[in-house]
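Colleague: The primary structure of each chain is shown beneath.
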Amino acid sequence: MEQHIYNKLHADGYLSDASFEKIKEKHATRLFSVHWELKILLYLGVMLLSGGLGTLVYKNIDTIGHQVILAFIALLCIGCFAYCIKNKLPFSKGKVKAPNTGFDYVLLLGSISMATFVGYLQFQYNVFGTNYGLATFIPMVALFFIAYYFDHLGILSMAIASLALWMGVSVTPKTLLAYGTFNSREIIFTYMLFGAILLAAAYCTGRFQIKKHFKFTYHHYGVHVTFIALLAGFFEYYNSGNSYLWLLAVFALVAYIYLDGFKEHSFYFVLLSILYGYFAACCLFVKLVVSNDAREGTFELLLILFILSAVALIYLIAYVNKKIKADDHL
Amino acid sequence: MIIYNKEWLHNMRVVDLLKTDLRNGSITPEEFTAIRSAHPYYFYLPRLVIRVGLFILTLIIASFGTGLLSLLGLSTHMIESPGWPIFLGIVCYAALEFFVRERSYLQSGVDNALLYYSACLFGGGLIWMISKMYYSAGDNLLCAILICLMCVYLTLRFADMLTTLTACASFFAVVYFAWAKAGPLGLATMPFIMMIAAGSLHYLLTRLSDDPRCINYKNCLAGAEIISLITLYAAGNYFVVNRLNNMLNNLDDSHTTIPFGFIFWIWTMLVPVAYVLIGIRKKSAIFLRLGMILAGASIATFRNYYHLLPIEVMLTLAGMILLAASYTIIKYLKTPRNGITYAEPDELSEMDKLNIEGLIVGQATSHLPTPAQHQTNRFGGGSGGGGGSSGEF
Chain A
1 MEQHIYNKLH ADGYLSDASF EKIKEKHATR LFSVHWELKI LLYLGVMLLS
51 GGLGTLVYKN IDTIGHQVIL AFIALLCIGC FAYCIKNKLP FSKGKVKAPN
101 TGFDYVLLLG SISMATFVGY LQFQYNVFGT NYGLATFIPM VALFFIAYYF
151 DHLGILSMAI ASLALWMGVS VTPKTLLAYG TFNSREIIFT YMLFGAILLA
201 AAYCTGRFQI KKHFKFTYHH YGVHVTFIAL LAGFFEYYNS GNSYLWLLAV
251 FALVAYIYLD GFKEHSFYFV LLSILYGYFA ACCLFVKLVV SNDAREGTFE
301 LLLILFILSA VALIYLIAYV NKKIKADDHL
Chain B
1 MIIYNKEWLH NMRVVDLLKT DLRNGSITPE EFTAIRSAHP YYFYLPRLVI
51 RVGLFILTLI IASFGTGLLS LLGLSTHMIE SPGWPIFLGI VCYAALEFFV
101 RERSYLQSGV DNALLYYSAC LFGGGLIWMI SKMYYSAGDN LLCAILICLM
151 CVYLTLRFAD MLTTLTACAS FFAVVYFAWA KAGPLGLATM PFIMMIAAGS
201 LHYLLTRLSD DPRCINYKNC LAGAEIISLI TLYAAGNYFV VNRLNNMLNN
251 LDDSHTTIPF GFIFWIWTML VPVAYVLIGI RKKSAIFLRL GMILAGASIA
301 TFRNYYHLLP IEVMLTLAGM ILLAASYTII KYLKTPRNGI TYAEPDELSE
351 MDKLNIEGLI VGQATSHLPT PAQHQTNRFG GGSGGGGGSS GEF
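Chains as they are written, first to last, in our numbering: chain A, 1 to 330; chain B, 1 to 393.
It should be emphasised that the hints constitute simulated quantities derived from the structure, not laboratory data. Fair warning: there could be bad hints in the mix.
[To be verified] Ranges of calculated distance between the beta carbons of each label pair, as one might list FRET restraints:
#1 A/Phe279 to B/Asn24: 43 to 49 Å
#2 B/Asn246 to A/Ser240: 57 to 63 Å
#3 B/Leu149 to A/Val289: 40 to 46 Å
#4 A/Ser16 to B/Ile321: 47 to 53 Å
#5 B/Phe177 to A/Ser240: 54 to 60 Å
#6 A/Ile78 to B/Met320: 20 to 26 Å
#7 A/Tyr256 to B/Met320: 50 to 56 Å
#8 B/Thr335 to A/Asn87: 24 to 30 Å
#9 A/Ser240 to B/Pro310: 57 to 63 Å
#10 B/Lys19 to A/Lys88: 32 to 38 Å
#11 A/Phe279 to B/Arg207: 45 to 51 Å
#12 B/Arg47 to A/Val127: 47 to 53 Å
[To be verified] No farther apart than 30 Å at their CA atoms in a straight line, the calculated lysine-lysine pairs in the DSS-like style are these:
#13 B/Lys19 to A/Lys8
#14 A/Lys211 to A/Lys86
#15 A/Lys39 to B/Lys334
#16 B/Lys19 to A/Lys322
#17 A/Lys322 to B/Lys6
#18 A/Lys26 to B/Lys282
The beta-carbon is built from N, C-alpha and C at its ideal position, and this holds for glycine as well.
One chain only, chain A, in its complex shape (with noise of 0.2 Å):
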């Protein structure tokens, strides 16, 4: 088939002699890539080797001894780092690439190691004592160094991580939805705090150009983590006045977001506003309706404002994709 329409673009002079035989060569020519087969069996392999390896040593604890594993955890630590210190790139602010594919492997794996050692020190000599916030606080500077330093993504994941394990939550959009923990008011403004911080980080990296590309990250996790804690917020509040201000304070946010997206072109960012917009007005549109005596057709007015605010945003949705399909961003 493909053959077909080459052969019928080459007859209708679309295609040159010279790029027809080129094509014919690369399909003659053509490899089959089994790349992330073989990857995926990589990772898998070290998957299972580690786990075993980990129950193994789990079993075998009385005769092993904590010392050895301690100091085989800072040996492969430090044995990781000496290799990502040689190897590295020198730093830039911008974007550094890795020096080969296995870097970043290795980073991650001397990373993990780290704060696996500091986590043991802690379950088993106890060496930070009640002082919980320093064992979590060195492995967070730690960590958002490494990022920085190295230039690693996945380790500014981490970081983030555990600056929330660090102010007291547990971050990631999914504990967040699924442990369901916005039963204090306390924790809902430490998580709004987090958000900020990490909206503010974002907007600090897009402004002073240190390390771009680590923007969309810190974006990511403040926009859900602030969005997901004002409305908890809101509901929290809900019987009290106060409630509307929690409301006022989403739509700020959404309108922030929303011109920030579309500056940067990022129909992501720009949809995930959309979507929390509208979580919001159906709350407002709740609250505004019901608050009243209920009376008869209420809900039938609240599914008819449910469905036209929807359709508006499906018309700004298609224009938003007119306006920045030029661009080649996500």
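With the hints as your guide, set chain B onto chain A.
Modeller: Just chain B now, kept in the frame of chain A:
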């Protein structure tokens, strides 16, 4: 039969094909622009993120809309009959036809949402109707036949992947329920019948994908092929056959023997190997990947019945073997051999642009527990072991 403009589909295929040639430098940009303007297509093709947004919003509108209609019709008792969801499904389908025809949507999110929603309403209504007719659990065979016919129609009309997969699955359900009518003999020979059905479906699909008339259904045929290959394996998998046998004969799961068990053991072990070999031989990614996944399934099946080694020894050994094997193959394929290479494929996937890796690492590591909240357990959760063993076993 297909709703989309066939000429546009053809033009899009040509342009997509030439895009790869443009990227690896076989043709000049001038040639590409000339070909592009000579092969116009006007589908509404928003990018992935926009599609997701449109899909969610359309689903919201459709469900609230049908909810509103049901609410209005509440007093008339119309909604208590299965005709109501069927009616709503038809309304949704009409909207779908309208949008795709008038607005030239092609997998744009809106049409996907309407397609799935109308199919669910219509199919649900049909099942409801049948179960009402029989005053019992309903007739499985009739349900499966109707769902299969509906999905085949939708696939032919919209060339959608999900409806293809459902059509395939319901086809096998039809075979199963029909053969089960044959009584004890039917149940005893069920695995073989399913194998034959899956094998012949696969044969038919490969024949069809060579047919130039099916050119617009290439993806659907590939999806159906995957389902039929999985069914072919599962029909003879020892675990599946054993459990099904126990279920049908009202035995509990302590029964681990089945008549002619050795046939199924041979099948369980050989099919994944055969798939991998066929994949390498025919250079087919579908066979190769399926073979790899199903090999894992076979090992899990085997371990379910025979515990030769303690789990940690097995894990360590398996990990070492895998590492050694993949490392050797990578070394071996450094220079391409027999048309197979380790080099990365040319085509960039959408995933690559999405910083996926960073997010996944974040997801995986954010569950590291805070140190020292539960001091009593010795190893409440060091991240090292957790990183390796959490998802796998």
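Colleague: Of the hints given before, which are not true for this structure?
Modeller: No numbers; nothing is violated.
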